[in-house]
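A.B. asks: Letter by letter, the chains look like this.
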Amino acid sequence: ETGVTQTPRHLVMGMTNKKSLKCEQHLGHNAMYWYKQSAKKPLELMFVYSLEERVENNSVPSRFSPECPNSSHLFLHLHTLQPEDSALYLCASSQDRLQAGGEKLFFGSGTQLSVL
Amino acid sequence: GESVGLHLPTLSVQEGDNSIINCAYSNSASDYFIWYKQESGKGPQFIIDIRSNMDKRQGQRVTVLLNKTVKHLSLQIAATQPGDSAVYFCAENYGGSQGNLIFGKGTKLSVKP
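Heads up: the sequence lines are chains A and B, in that order.
Position one of the first sequence corresponds to residue 547 (my numbering), numbered consecutively onward.
Position one of the second sequence corresponds to residue -12 (my numbering), numbered consecutively onward.
If we strip away everything but chain A, and leave its shape as in the complex, we get (with noise of 0.2 angstroms):
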């Protein structure tokens, strides 16, 4: 048990479908993040939050929607979704924004998320 939980573990949708993962930390940590890893290819970070604010979108595509409403939660809006998004989506903590080095990121197991 890391601290962090992530729900669905699993979940299946149509390219016309609109879900939404969870994320919940129980770390009292400052910061959270979306991470996607696909099959073959490198953890790839899609979104970062500090203290409930967005300070970084990597250059994700809009049909992915995050929410952040208060530091222990986030979501992953998901609209529209195209059948090469499918892969794993992880969540993570740290105690604060990884800028200086030193911060660890605490991850959830993860949503396995197939687009038919």
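Just so you know, the hints here were simulated from the structure itself, not pulled from any lab data.
These figures come from a predicted structure and were not determined experimentally.
In this text, a Cβ means the ideal position worked out from N, Cα and C, and glycines have one as well.
Take these hints with a grain of salt, some might be off.
Claimed, not checked - A few chain A residues that face chain B, going by a derived Cβ cut-off under 10 angstroms, partial list only:
| # | residue |
| --- | --- |
| 1 | V550 |
| 2 | L557 |
| 3 | Q583 |
| 4 | E590 |
| 5 | L636 |
As the list claims (entries may be wrong) - Derived DSS-like pairs: lysine-lysine, alpha-carbon spacing no greater than 27 angstroms straight-line:
| # | chain 1 | residue 1 | chain 2 | residue 2 |
| --- | --- | --- | --- | --- |
| 6 | B | K55 | B | K99 |
| 7 | A | K564 | B | K29 |
| 8 | A | K586 | A | K565 |
| 9 | A | K586 | B | K92 |
| 10 | A | K587 | A | K650 |
| 11 | A | K650 | B | K55 |
| 12 | B | K55 | A | K568 |
| 13 | B | K43 | A | K582 |
| 14 | B | K29 | A | K587 |
| 15 | B | K92 | A | K568 |
With chain A held as given, fit chain B onto it using these hints.
C.D. replies: The following block gives chain B in isolation, referenced to the frame of chain A:
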């Protein structure tokens, strides 16, 4: 460009042997490095880290070595156990305005009983 890569995508070792997983990085400005372990069905889990002002750091059964001259990072696991079977990622933090961890593709370690 800036990248973190792993020399071997798969590594198979006998239980009880030592394992060495290698990683190359290209950004000489990176000042912090981390090794993560990802077991099947789980997210990456922190193993050990090292700052650029060090060349060696030891943990419980794990040692990380940093060679800044050749931009090389390695993870050594002593007396490898079946529970060590996983994918291992190295990551570098090059700082920048926001800071970011750049992850390698991962090496799959399989431990034979």
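A.B. asks: Can you name, in rising order, the numbers of the hints this structure does not satisfy?
C.D. replies: 2, 6, 12 and 13
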